[in-house]
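Undergrad: Sequence:
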Amino acid sequence: MDHWCLIPRLKNLTSEQQRYIAIPDDADNSYSQCEMFNINYDHLTDEDINNWNRSLFPKTKTIRCQHGWVYDKSIFTSSLVSQFDLVCARASKLFMIQTIYMAGCLTGCMIFGQLADRIGRHKTLMIALTMEILFATIASFVPYYSAFVSLRFVVGTAAAGTFMTLFIMCMEMIGPQYRLTTGVFIQGWFAMGLMTLPAMSYLVRDHIKLQLICALSPVILWILLFLADESPRWLITQGFDEKATTLLVKIAKLNGRQLPENLNLSDNREENKLWHPGAFFVYGLLTFLGGVMFVFLPETVGQNLPETIEDGERLARYCLVDYLPTF
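Using my numbering, you'd call the opening residue of the sequence shown number -19 and step up by one each time.
Quick caveat, the hints were computed from the structure, so don't treat them as lab data. Hints should not be assumed to be uniformly reliable.
[As the list claims (entries may be wrong)] Here are the simulated lysine to any residue pairs, SDA-like style, with alpha carbons at most 25 Å apart: (1) 53 <-> 176; (2) 73 <-> 174; (3) 53 <-> 66; (4) 230 <-> 152; (5) 189 <-> 127; (6) 73 <-> 47; (7) 53 <-> 77; (8) 41 <-> 19; (9) 230 <-> 218.
[Claimed, not checked] Here are the simulated distance ranges between beta carbons: (10) -9 <-> 103: 49 to 59 Å; (11) 183 <-> 274: 31 to 41 Å; (12) 118 <-> 26: 38 to 48 Å; (13) 93 <-> -3: 33 to 43 Å.
Here the structure is a predicted model, which means the values were calculated and not measured. All C-beta atoms, glycine included, are put in the ideal place defined by N, C-alpha and C.
Using the sequences provided together with the hints, build the complete structure.
TA: Here it is in structure tokens:
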């Protein structure tokens, strides 16, 4: 959101008047968003303000904003930036929110991955989705930055658990020949959500309401989970042959098929326990090689690596422009 220094004495004036009287010009001839003239406006009379001539103060020193900021609410009525004043010296805290969220996603992959193997896909998905809805809803109302960041970590943990477990369930419910198409289909809806979000933001224009919409939208999935069954592959690997057989009969009947009479679940159990580390090794190696080759790209060759928060912010903005068209 557009912003400039708050001057309590001038708060009843229009935004144009406030900027003309108290805000210096920036390098690109626009007004500064983080500085104000070093003038004591409390001693000015209404007549002084109404007859203000900016040209009489050509060399007035500037200082950082002393009383907070005024935000332009002509387009968006509120945002995280305006709620927590994440501008100027505090701007890096805005990027920290996403960093903490992604740290939560990493944690969620480790926690819920193990949990899904131990207690089942369905129970794990219910736990993760309930956590995501609950803590995302709470995060919409918290008035403190530290509390919001902490909740975003929990939401990231739960969101990773939800997506990962749901993806695994889908892959285990279908045959190998359909997995590629199903995976692309799932990721396609993920991209659709990203493309829909800007339109929702423009229509709602209040970040609390927008967060509530995003937080409560998975409730539909949560309700549908009561109609879903456990993954038959997980049941087989855990030795629940009777439950797995009942579920497979149900699935076959739904698809108009019949199970083979000589079906032996113990063979499938041994097959599903096989471990294939080659793919993980290849993925890890490609990631490492990609990181090394990144240094030699025309955009980065000979450039210093980011060492400060400000460097990281610039890199994040550059990457956003790079990746945005892919969504």
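Undergrad: Which hints, by number, does the structure contradict?
TA: The structure conflicts with hint 13 only, although it agrees with all the remaining ones.
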